[in-house]
Amino acid sequence: MNRLKGQVWVFGDDVDTDQILPGYAMAEEFSGLARYAMAGSKQADFAARVQAGDIIVAGRNFGCGSSREQAPVALQAAGVSLIIAESFARIFRRNAINIGLPVLVAELRRHVQTGDLVEADLVQGIVRTADREIAAQALSANVLATIAAGGLINRVRQELGISNN
Amino acid sequence: MNFIEQYLARAAGLETVAAGQDIRCRVDLVAAHDVTGPMAIQQFEQIGVDQVFDPGKVVMVIDHIFPAATVQAKAMHWIMKDFAGQYGITLYDKGEGVIHQVLAERHRLPPGSILVGADSHTCTAGGYGVVAIPVGSTELAAAMATGTIDLEVPEVIEVYMTGQPQAYVGGKDIVLSLIKEFGVAGLTDKAVVFTGPGITALGLDDRLTICNMGIEMGAMIACFGGEATAAPAVAKTVKLALETIDIVAACPHSPANVRPVSQLAEVAVTQVVVGSCTNGRLSDMEQVVNVLKHRPVHPAVTMLVIPASKNVLAAMEAAGWCRILRDAGAVVTNPGCGPCFGAHQGLGTDRDVILSTTNRNFPGRMGHRSAQVYLASAATAAVTAVRGRITRPGSLVLEGGVGYEQA
Numbered sequence: 001m002n003r004l005k006g007q008v009w010v011f012g013d014d015v016d017t018d019q020i021l022p023g024y025a026m027a028e029e030f031s032g033l034a035r036y037a038m039a040g041s042k043q044a045d046f047a048a049r050v051q052a053g054d055i056i057v058a059g060r061n062f063g064c065g066s067s068r069e070q071a072p073v074a075l076q077a078a079g080v081s082l083i084i085a086e087s088f089a090r091i092f093r094r095n096a097i098n099i100g101l102p103v104l105v106a107e108l109r110r111h112v113q114t115g116d117l118v119e120a121d122l123v124q125g126i127v128r129t130a131d132r133e134i135a136a137q138a139l140s141a142n143v144l145a146t147i148a149a150g151g152l153i154n155r156v157r158q159e160l161g162i163s164n165n
Numbered sequence: 166m167n168f169i170e171q172y173l174a175r176a177a178g179l180e181t182v183a184a185g186q187d188i189r190c191r192v193d194l195v196a197a198h199d200v201t202g203p204m205a206i207q208q209f210e211q212i213g214v215d216q217v218f219d220p221g222k223v224v225m226v227i228d229h230i231f232p233a234a235t236v237q238a239k240a241m242h243w244i245m246k247d248f249a250g251q252y253g254i255t256l257y258d259k260g261e262g263v264i265h266q267v268l269a270e271r272h273r274l275p276p277g278s279i280l281v282g283a284d285s286h287t288c289t290a291g292g293y294g295v296v297a298i299p300v301g302s303t304e305l306a307a308a309m310a311t312g313t314i315d316l317e318v319p320e321v322i323e324v325y326m327t328g329q330p331q332a333y334v335g336g337k338d339i340v341l342s343l344i345k346e347f348g349v350a351g352l353t354d355k356a357v358v359f360t361g362p363g364i365t366a367l368g369l370d371d372r373l374t375i376c377n378m379g380i381e382m383g384a385m386i387a388c389f390g391g392e393a394t395a396a397p398a399v400a401k402t403v404k405l406a407l408e409t410i411d412i413v414a415a416c417p418h419s420p421a422n423v424r425p426v427s428q429l430a431e432v433a434v435t436q437v438v439v440g441s442c443t444n445g446r447l448s449d450m451e452q453v454v455n456v457l458k459h460r461p462v463h464p465a466v467t468m469l470v471i472p473a474s475k476n477v478l479a480a481m482e483a484a485g486w487c488r489i490l491r492d493a494g495a496v497v498t499n500p501g502c503g504p505c506f507g508a509h510q511g512l513g514t515d516r517d518v519i520l521s522t523t524n525r526n527f528p529g530r531m532g533h534r535s536a537q538v539y540l541a542s543a544a545t546a547a548v549t550a551v552r553g554r555i556t557r558p559g560s561l562v563l564e565g566g567v568g569y570e571q572a
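The listed protein sequences derive, respectively, from chains A and B. Each residue of the first sequence is one higher than the one before, counting from 1 in our numbering. Each residue of the second sequence is one higher than the one before, counting from 166 in our numbering.
Hints may be right or wrong, so weigh each one.
[Said to hold, decoys possible] Part of the chain A face toward chain B, derived, beta carbon under 10 Å:
| # | residue |
| --- | --- |
| 1 | Ala71 |
| 2 | Phe88 |
| 3 | Ala89 |
| 4 | Arg93 |
| 5 | Arg94 |
| 6 | Val123 |
| 7 | Arg157 |
| 8 | Leu160 |
| 9 | Ile162 |
[Claimed, not checked] Distance windows between CB atoms, simulated:
| # | chain 1 | residue 1 | chain 2 | residue 2 | range |
| --- | --- | --- | --- | --- | --- |
| 10 | A | Gly79 | B | Ile244 | 21 to 31 Å |
| 11 | B | Gly221 | A | Ala141 | 34 to 44 Å |
| 12 | B | Arg488 | A | Arg35 | 44 to 54 Å |
The hints are simulated quantities; they were obtained by calculation from the structure and are not laboratory data. Predicted model, so just to flag it, every value in this text is computed and none were measured. Beta carbons are placed, not taken as given, at the ideal position from N, Cα and C, and that holds for glycine.
This is chain A alone, in the form it adopts within the complex (with noise of 0.2 Å):
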């Protein structure tokens, strides 16, 4: 869980939350949202092509927008397994972290093109890519907790002192 190696998606900078999952989908069941996964993009046959376990890439602010947590959970549920931006916006974050799908502050985006394989480390914070580490911001002993609880609903368990049986 700590260490992920995918291949890369490359987007650009403020990929807002219409573009990674646009308004009409809203009204999809939840089982349905990864077919609508970056349907507002200017790749927007992602979800077909994407793969399990591949790393979205991208520039500053992704995510900015709407607060709705379908975005994330519409991305996980395609198969990304990390995304590794220059910057998120703050509730795109936070709510990535909550469903447990980790996110990864780190200038990579000029070193790698799509398709290309990385790999991740969360722990240490570090990218590595054919030929080159890049650091990333170290995520917080909190958020390492959180994706490793599975999500925040089940760190809410825990603290509340409900068994997960």
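Following the hints, position chain B against chain A.
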């Protein structure tokens, strides 16, 4: 401590807090709508508690897709109705209006209270001094169960306002100008507070509009100070002389792509939208009526007017405004979000150029990815609707040369 830190410290039960500190705050109100509520309910049910922390402090509003545009949307409404019935929370399910307006009218918290809302424009409540934290569905579910929220004390950026805005310059022009200055991510993870003697020139509606779009700069909190003085102990103060604010619009496809309306006079529009949690209040409607009672909507323009709440609509009806708007060729719809987030009631194609008083013009936000959406005030929207081109308010005159828009 600045006043945001004072509010957060009180909510956390601490003597002091400092920027960067992780704290746990008790919340005074938790709110969600029909896009975020159903998923929050699903997450809440996974926690395994048998009640919400306080049924009197949980509110849900069906506003985004009402009346239901699809069978699935109606199924979401049923999830909310069932939940409200089972847990005894308040649900507005008959088209009472947009969540932020309903909260302002019916659940107005005192300044310094903590509101947690599953909508990015929850920050609107900063217009009346509330610390309003926008969250997603899972965080909302946790708050419903525990009555608390974990957050990091933000750095506070102060916008210190002086002077008075010129005629026809409203909250929308002020906040768009700030978004141009700060950029769409300039305040990410920060709080922005509005202070200074200039805030006395801004009524509640303008304050709500300004805070509403705080998220368009990435801000975690947007909030007006309780008095017209400077805030102590902020990370940075930006001075804003209100008389220097021009009448502006955000051009496609970013709320930060802001230009003076006077430079957009060649842009012909096919649709004008007035409404939303940003600019769907009575003062917005008045500015539209003041124009449309004299001149009809341009033949090439579809004009949609969407009151932010049933109260706004009722006042419009009592004043005879709905009739005036309809006679002028506008469509007055039911209160709610309308086309703002792209699910129904007035979407655009790649042939459409839309001027809207809403808060976002991201690609595809209001329909087709290539629909051109401009954001501006209701005053600008009104004159644009009758001219068919983006027009500066205050520029319409009668044949005799007498201006008839109300200054």
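- For Arg488 of chain B and Arg35 of chain A, compare the CB-CB distance with the range 44 to 54 Å and indicate the outcome. 45 Å, holds
- Hey, does the Ile162 of chain A contact hint survive, CB to chain B under 10 Å? Holds, about 5 Å.
- Query: Is it true that Gly79 of chain A and Ile244 of chain B lie within 21 to 31 Å of each other by Cβ?
  - Reply: 27 Å, holds
- Message: Hint validation: Ala71 of chain A versus chain B, beta carbon distance must be below 10 Å. Holds or violated?
- Response: 9 Å, holds
- Item | Ala141 of chain A and Gly221 of chain B - C-beta distance against the hinted 34 to 44 Å | Since the Cβ atoms of Gly221 of chain B and Ala141 of chain A sit about 35 Å apart, the hinted range of 34 to 44 Å holds.
- Query: Under the criterion of a CB-CB separation shorter than 10 Å, is Ala89 of chain A in contact with chain B as hinted?
  - Reply: 6 Å, holds
- Cut-off 10 Å, beta-carbon criterion: hint that Arg94 of chain A touches chain B: 6 Å, holds
- Given Val123 of chain A as an interface hint, is the shortest Cβ-Cβ distance to chain B below 10 Å? Since chain B brings no Cβ nearer than about 19 Å to Val123 of chain A, farther than 10 Å, the hint is violated.
- Quick one, is the Leu160 of chain A hint okay against chain B at 10 Å, beta carbons? Holds - the Cβ of Leu160 of chain A comes within 10 Å of chain B, reaching about 7 Å at its closest.
- Status of the Arg93 of chain A interface restraint (C-beta, 10 Å, chain B): With a minimum Cβ separation of about 9 Å from chain B (threshold 10 Å), the hint on Arg93 of chain A holds.
- Given Arg157 of chain A as an interface hint, is the shortest Cβ-Cβ distance to chain B below 10 Å? With a closest approach of 6 Å, the Arg157 of chain A hint holds.
- Item | Status of the Phe88 of chain A interface restraint (C-beta, 10 Å, chain B) | Cβ of Phe88 of chain A sits 8 Å from chain B, so the hint holds.
The structure fails hint 6 only (numbered hints given earlier).
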